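Number of protein chains: 2
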Amino acid sequence: MLARSLQRLARPGARLMSGAPGSEKIAMVGSGNFGSALVRILGANAQRHAVFDDEVRMYVYEEMIDGKPLTEIINTTHENVKYLKGAKFTPNVRAVPDLAEAVKGATMVCFCLPHQFLKPLMPTIKASVAPGAKCLSAIKGIDFDDNGVVLISDLLREGLNADVSVLMGANVANDMAHDQFCETTIGYKDEKNGELFRLAFDAPALKVGTVKDTVGVELCGALKNIVAIGAGFSDGLGYGGNTKAALIRIGLKEMIKFCKMFYPNAGIDDNTFLESCGVADLITTCFGGRNRKCAEAYAKANKTKSLEQIEAELLAGQKLQGTLTAKEVNHILKMKGLEHEFPFFTTVYKISYENAPFSALTETPYQ
Amino acid sequence: MLARSLQRLARPGARLMSGAPGSEKIAMVGSGNFGSALVRILGANAQRHAVFDDEVRMYVYEEMIDGKPLTEIINTTHENVKYLKGAKFTPNVRAVPDLAEAVKGATMVCFCLPHQFLKPLMPTIKASVAPGAKCLSAIKGIDFDDNGVVLISDLLREGLNADVSVLMGANVANDMAHDQFCETTIGYKDEKNGELFRLAFDAPALKVGTVKDTVGVELCGALKNIVAIGAGFSDGLGYGGNTKAALIRIGLKEMIKFCKMFYPNAGIDDNTFLESCGVADLITTCFGGRNRKCAEAYAKANKTKSLEQIEAELLAGQKLQGTLTAKEVNHILKMKGLEHEFPFFTTVYKISYENAPFSALTETPYQ
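In order, the protein sequences belong to chains A and B. Quick note: the first sequence, position 170, residue 170 per the working numbering, numbers continuous. Quick note: the second sequence, position 131, residue 131 per the working numbering, numbers continuous.
Source of the hints: derived by calculation from the structure; they are not laboratory data.
Facing chain B, a subset of chain A residues (Cβ under 10 Å, in silico): (1) 169; (2) 181; (3) 242.
In this text the structure is predicted, and so the values were computed from the model without any measurement. The C-beta atom is built at its ideal place from N, Cα and C for all residues, glycine as well.
When you get a sec, could you build the whole thing from the sequences and use the hints?
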């Protein structure tokens with residue numbers, strides 16, 4: 001492991017890391033399942049690399065667990081007993097219930113929370129972080145306005161006036177928490193910042209790839225959930241491996257087309273789709289994730305239950321991202337008259353929200 | 001379905017089909033599980049499109065089933081009761097036990113049999129087919145000689161002095177036999193021939209994509225089995241979706257690198273890996289196939305059973321393609337001093353045949 005870790009440090013990018021010891025202070029905004037899995041790695045790496053200040057602060061939306069504040073439990077037991085039970089943080093991770101305090105003086109701010117909660121937090125964050133703070137979004141979502149797609153990273157760039165990298169990959173939090181080997185992808189605009197975040201996340205059990213394509217990386221993280229809905233329908237209808245693989249492939253092609261059509265000048269790189277954020281995350285999501293699972297249940301029930309009922313039964317209050325993304329993407333496609341260019345995305349939407357039969361899944365003439 | 005079928009015929013390539021009615025006579029060499037699934041489609045399409053002669057002949061290695069010759073059973077019941085039970089051929093498919101008769105006058109010859117059996121058949125085939133006959137290989141294998149990789153399509157080109165297309169994809173035969181929607185990819189050198197084979201195979205439940213890259217398509221079909229061995233190890237070791245997806249992705253990258261390094265001037269097209277023969281076949285094979293299954297059992301038994309024992313227990317006489325391909329690819333890599341360039345292929349080989357521990361699967365510093 002040591003040899004491997006040294007090898008990583010010898011990468012060309014490592015030369016870009018010239019900060020004074022302790023000069024980079026890391027904060028995480030968000031403390032859910034995935035955010036906690038990431039903070040666990042950040043804590044260990046802050047101890048491992050001199051450039052990082054030892055303390056990693058995590059903003060935790062305070063709640064009471066068995067009569068005790070969650071932050072107090074985390075800071076005593078070094079474990080997020082509510083969202084990532086069974087995995088210990090290094091003691092240098094500090095849970096902070098006050099947002100301004102959590103990000104005060106931070107030079108590297110990571111985001112991992114439902115994007116709906118983001119906007120009201122940004123003024124406080126902007127006022128509290130260090131000048132020139134670098135951000136990283138691990139939020140796998142997408143937003144829309146009257147003009148079309150709005151990337152979460154763009155919301156952050158605008159709200160914080162900061163450089164923003166993104167992190168997406170085949171990263172099921174509970175497996176990461178047990179140090180099962182996996183990969184992730186960081187998309188950066190500023191190479192120096194991308195390398196700094198790579199150093200913060202790369203670990204023996206988490207190999208970080210970097211690409212200069214934040215848009216491709218970020219859109220993969222959102223659009224893959226639409227494909228997972230289609231894959232779940234295929235499972236629910238009892239189709240075998242051939243059909244499911246065909247639908248995943250067709251979905252991947254539409255993901256690529258969507259990126260290139262909506263961001264023609266953003267430097268979308270074909271190789272991005274071969275990174276962890278692309279094909280690997282797609283595979284994990286289409287075989288394991290909750291979008292696939294709910295879609296399977298919906299198809300098995302043959303629409304005798306609504307998607308809302310299935311969400312309620314299977315997700316305990318969480319929302320299905322895939323169908324929501326399918327709906328929002330469809331809204332944009334319809335607005336721009338492009339539904340026919342994305343027959344798979346459109347079919348997933350129409351089965352989920354309109355009266356299209358499940359048979360449309362395999363009878364649509366895909367391109 | 002009709003609209004879809006018409007739409008297909010209206011594709012630009014269709015204009016290339018100018019043969020006189022009945023002028024193309026199709027033969028299939030091979031009658032196993034996959035060969036039979038393909039012949040079933042060829043039979044239906046020979047009836048559907050005027051350019052094809054009505055009869056599709058299938059060379060069947062004769063054997064006795066319950067006291068009757070297999071060819072007689074096929075020609076009476078229109079079903080290959082031994083290798084594709086439960087799926088009917090159209091009556092225009094004729095099983096022929098004599099190779100020369102089976103391919104006599106054929107203008108389109110398809111191959112689907114273990115490649116070890118191919119060489120001794122070629123002189124008879126060459127002497128019997130129509131002048132200028134076009135060939136298509138659906139053989140998912142690879143051969144080697146003292147100089148390195150030998151493609152099965154090249155063996156055919158040399159042995160038959162013919163143009164050879166290839167067909168590879170996510171095509172589990174039993175699912176195809178039940179008309180579950182799937183895709184396949186035809187790689188061609190001569191566009192006219194590629195289009196003719198597309199017309200012969202494209203069907204409502206089998207969508208054919210075509211690419212001018214026979215080498216990429218064919219190598220995908222062989223190399224994916226090495227990746228499936230690694231995926232099976234991951235399953236057997238109890239690793240979750242993150243790790244498996246990471247290994248599949250790393251394997252895919254090595255497949256692409258192998259193609260480009262060994263065939264730098266063959267027109268390997270990045271898009272080939274996004275076709276059914278690429279990412280889709282890889283997914284199916286890494287989640288469903290027999291290579292994955294045996295590798296899982298080998299890892300679960302923690303080498304207390306040999307690969308040969310596991311083959312015997314699980315495959316009923318068939319051979320594991322993946323480990324064989326891993327061995328042959330390793331032989332070539334070693335010969336050319338390129339093992340370090342393909343750490344995943346090398347690790348799969350070393351776990352399978354040398355004393356490398358299973359932990360090497362996730363501890364190798366992949367590139």
